[in-house]
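Student: So you can see what is in the structure, the chains are spelled out below.
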Amino acid sequence: EAAVTQSPRSKVAVTGGKVTLSCHQTNNHDYMYWYRQDTGHGLRLIHYSYVADSTEKGDIPDGYKASRPSQENFSLILELASLSQTAVYFCASSEPGASAETLYFGSGTRLTVL
Amino acid sequence: GDSVTQTEGPVTVSESESLIINCTYSATSIAYPNLFWYVRYPGEGLQLLLKVITAGQKGSSRGFEATYNKETTSFHLQKASVQESDSAVYYCALDDTNAYKVIFGKGTHLHVLP
Chain A
2 EAAVTQSPRS KVAVTGGKVT LSCHQTNNHD YMYWYRQDTG HGLRLIHYSY VADSTEKGDI
62 PDGYKASRPS QENFSLILEL ASLSQTAVYF CASSEPGASA ETLYFGSGTR LTVL
Chain B
15 GDSVTQTEGP VTVSESESLI INCTYSATSI AYPNLFWYVR YPGEGLQLLL KVITAGQKGS
75 SRGFEATYNK ETTSFHLQKA SVQESDSAVY YCALDDTNAY KVIFGKGTHL HVLP
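As given, the protein sequences belong to chains A and B, one line each in that order. Adding 1 to a residue's 1-based position in the first sequence gives its number in my numbering. Adding 14 to a residue's 1-based position in the second sequence gives its number in my numbering.
Please keep in mind that the hints were generated in silico from the structure rather than gathered at the bench. Treat the hints loosely; a few may be bogus.
As the list claims (entries may be wrong) - Here are the simulated SDA-like pairs of lysine to any residue, each with C-alpha atoms no more than 25 Å apart in a straight line:
1) B:115 / A:96
2) B:115 / A:14
3) A:58 / B:84
4) B:115 / A:54
5) B:115 / A:70
6) B:115 / A:23
7) B:115 / A:28
8) B:115 / A:97
9) B:115 / A:18
10) B:72 / A:97
11) B:115 / A:19
12) A:12 / A:63
13) A:58 / B:41
14) B:84 / A:25
15) A:66 / A:113
16) B:115 / A:115
17) B:115 / A:13
18) B:115 / A:15
19) A:58 / B:59
The structure displayed is predicted, hence computed values, not measured ones.
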């Protein structure tokens with residue numbers, strides 16, 4: 002079965018440290034996304050990518066970088082983690098072309114920045 | 015911009031009772047967006063529950079139903095008789111046919127008591 006796998010499942014980081022969240026998909030999908038969810042907010046799009054070696058800014062890209070080295074892998078990088086980046090992060094993939102593309106999500110990474 | 019507003023949780027109901035989670039949307043970038051309900055079970059990622067792409071149509075899955083009402087710009091989720099296994103977080107969402115522009119509601123946490 003097609004899947005999106007995120008690692009780690011949870012992480013505690015120190016303020017100012019570097020954090021890398023990883024995502025791997027076996028869906029053979031072209032599009033991949035990083036969202037974050039905070040209490041009281043819906044999922045908000047950070048970065049997305051529609052092809053390997055290319056990334057695009059979403060709605061809240063500040064403080065984050067993304068990397069798409071291959072179709073299967075998509076990373077989210079926090080170069081200088083801050084308290085405000087404490088959240089749950091979701092990776093997702095989709096295949097454009099069909100009407101109403103379905104997003105396929107990983108199980109999330111809970112990041113706590115202290 | 016586009017937005018989705020849904021019932022604020024948590025919502026607590028007893029098993030076999032009926033359920034409605036309200037969802038209304040505002041779409042400025044497209045007249046008739048695609049509408050979705052996603053569900054997140056404990057410890058898992060979001061998964062598609064149902065979607066409707068045509069105004070006036072109804073979607074259904076796992077006993078849940080939602081009707082796309084363009085007059086009231088609503089897409090309420092209903093179930094006649096909930097089960098304890100329905101306990102989860104439910105997200106209403108819309109897109110403008112480009113998946114990278116999916117807008118999510120804040121999510122409604124449903125607790126079903128045995």
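Student: Give a verdict on every hint.
Tutor: Checked hints:
Restraint check for residue 115 (chain B) and residue 96 (chain A): the C-alpha separation of about 14 Å stays at or below 25 Å, so the hint holds. Between residue 115 (chain B) and residue 14 (chain A) the CA atoms are separated by roughly 30 Å; this puts the pair beyond 25 Å, and the hint is violated. Taking the CA atoms of residue 58 (chain A) and residue 84 (chain B), the gap is about 31 Å. The hint is violated against a cut of 25 Å. For the suggested pair residue 115 (chain B) and residue 54 (chain A), the alpha carbons sit about 21 Å apart, so the restraint of at most 25 Å is met.
Of the pairs offered as hints, the one joining residue 115 (chain B) and residue 70 (chain A) holds, with about 23 Å between alpha carbons and a cut-off of 25 Å not exceeded. This hinted pair checks out: residue 115 (chain B) and residue 23 (chain A) have alpha carbons roughly 22 Å apart, not beyond 25 Å. A distance of roughly 20 Å separates the Cα atoms of residue 115 (chain B) and residue 28 (chain A); the hinted pair therefore holds under the 25 Å criterion. With a C-alpha separation of about 12 Å, the suggested pair residue 115 (chain B) and residue 97 (chain A) falls inside the 25 Å cut-off, and the hint holds.
At roughly 30 Å between alpha-carbon atoms, residue 115 (chain B) and residue 18 (chain A) are farther apart than 25 Å, so this suggested pair is violated. Between residue 72 (chain B) and residue 97 (chain A), the direct Cα distance comes to roughly 23 Å. Compliance with the 25 Å bound is thereby established for this hinted pair. Among the hinted pairs, residue 115 (chain B) with residue 19 (chain A) is inconsistent with the structure: their alpha-carbon atoms are about 28 Å apart, more than 25 Å. This hinted pair checks out: residue 12 (chain A) and residue 63 (chain A) have alpha carbons roughly 20 Å apart, not beyond 25 Å.
For the suggested pair residue 58 (chain A) and residue 41 (chain B), the alpha carbons sit about 21 Å apart, so the restraint of at most 25 Å is met. Taken as a hint, the residue 84 (chain B) and residue 25 (chain A) pair is broken in the structure, with Cα atoms around 37 Å apart against an allowance of 25 Å. Annotation: proposed proximity of residue 66 (chain A) to residue 113 (chain A) holds, straight-line Cα distance about 18 Å (limit 25 Å). Between residue 115 (chain B) and residue 115 (chain A) the alpha-carbon distance is near 31 Å, which puts this suggested pair outside the 25 Å criterion.
Pair hint residue 115 (chain B) plus residue 13 (chain A) does not hold up; C-alpha atoms about 30 Å apart against a cutoff of 25 Å. As the CA atoms of residue 115 (chain B) and residue 15 (chain A) are separated by approximately 32 Å, the hinted pair breaks the 25 Å bound. For the given pair, residue 58 (chain A) sits about 22 Å from residue 59 (chain B) by alpha-carbon distance, which is consistent with the 25 Å threshold.
The structure shown violates the earlier hints numbered 2, 3, 9, 11, 14, 16, 17 and 18.
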